[in-house]
Amino acid sequence: MCILLMMLVCALGHIQQAIRTGAVLSRGVNLGGWLVLERWMTKNAAIWKKVPESIKDNGEYAAMSAVGRDDADPLIKEHRDTWITEEDIQEIASWGMNTVRVPVGWWIYENPTDTAWKHFTPGGIAYLDRLINDWAVKYNIAVLIDIHAAKGSQNGREHSAAPVFGETHFTDNLDNMQTTAETAMFLARRYANSPAFLGLELLNEPETGSDRTKLKLYYQNLHAELREICGNCVLVISPYLTEQDSNHPEWGTFLNVNSSVNNWIDWHKYLKWGFEGQTLDQITSSGVDRIENDLKAWRGNNRVFMGEWSLGHPDSARAQFQDDKKVALLAQRLVAALRYAKAGWTFWSWKADYGTRLGNGWSMQALLRSGLLKI
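Mature numbering (1 follows the signal peptide of the UniProt record, and there is no 0) puts the sequence shown at residues -18 to -1, 1 to 357.
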């Protein structure tokens, strides 16, 4: 059935082809917390019951260290089986979206000879296979794979499964960079001919603890290798998290490639950090204006892809977030501003098991179902 479906889609054309050429912009959502664990948005996942409270927010590496493979593997499998299902992809498509961005860790490329790889629960690739070769084909959804967690961690954060929480070691040795690049090349080879495969993001949210020169070499070398594997797939680079703005055009030129619709630059713009003390009204006005003006001012070769955004907000805006009219206005203004992201966007995230109303602005599913977010 899957093979017949892929043949039919190839004959009729999949949406990813139009996105690659720039004829259609990405409009979609992240499948966060699925193949790379983040406790803050998956609080009801069974594995967290076994992780000590003091390290629950330190990421998947810390969780695996505390629980151990024997106990963790079945719990992580249960989470992967239920967090994102075919019904989710069907619903995403039903809202008119055309793209999912899927965070993965370097360990999705299974290498039993790598001692560090043995630390993680295997089997993630089977879920990615099902998403790309079955569900996304069936529902005409383009899939962008995002290397969310590099070996050694590119930012020391929970979402990169940092071996030492708060420390960045991705560029400290060649093995970390080579292993991460091998994962990206493995994924490109595996899905290059899959109708729903849009492309790859080479790294997510590196921070300044990663050496600038080495990071750029990683991007340059991997970009060249990936272009040999999938000549016209979308390839996305992420600047330092603190340099994702129009004041840093170098990130749009350093690859020395011709301006191309399928070389994108990823920005993540949130209205939570840096807006502490502001009300939702203030954020809806000045915060959204800042994002829109930054997008308008971009002059780099690469088209901007807003790979992450949300209605997440600081505590100072929480009271007004209870007002549906104010939430709807914020959503409306943000969506309007994001039309200046010339490659499109993906919301963070589809689900957020946050334990509060509308996932505190992080659950696109809840926001769409409420009618407060319209795309």
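Note that these hints are calculated values from the structure, not bench results. Any given hint could turn out to be false.
Quick list of in silico lysine-lysine cross-link-like pairs, DSSO-like style, CA-CA up to 27 angstroms [as the list claims (entries may be wrong)]:
no., residue 1, residue 2
1, K59, K100
2, K25, K278
3, K38, K198
4, K100, K31
5, K356, K308
6, K31, K59
7, K324, K278
8, K278, K198
9, K59, K25
10, K324, K356
11, K254, K324
12, K59, K32
13, K120, K38
14, K308, K120
15, K196, K254
16, K120, K100
Going down the list of hints, with the structure as the test:
1. K59 with K100: OK: K59 and K100 at ~16 angstroms, within 27 angstroms.
2. K25 with K278: Violated, at about 37 angstroms.
3. K38 with K198: Judged against 27 angstroms, a Cα distance of about 32 angstroms means the pair is violated.
4. K100 with K31: 22 angstroms, holds
5. K356 with K308: The hint holds at about 14 angstroms.
6. K31 with K59: 15 angstroms, holds
7. K324 with K278: 10 angstroms, holds
8. K278 with K198: 25 angstroms, holds
9. K59 with K25: Answer holds: K59 to K25 is near 16 angstroms, not above 27 angstroms.
10. K324 with K356: Holds, at roughly 19 angstroms.
11. K254 with K324: It holds: about 24 angstroms lies between the C-alpha atoms, which stays within 27 angstroms.
12. K59 with K32: 15 angstroms, holds
13. K120 with K38: Given that 27 angstroms is the threshold and the Cα spacing comes to 36 angstroms, the pair is violated.
14. K308 with K120: It is violated: about 36 angstroms lies between the C-alpha atoms, which goes past 27 angstroms.
15. K196 with K254: 30 angstroms, violated
16. K120 with K100: 34 angstroms, violated
Going down the numbered hints, you'll see the structure goes against 2, 3, 13, 14, 15, 16, while the others check out.
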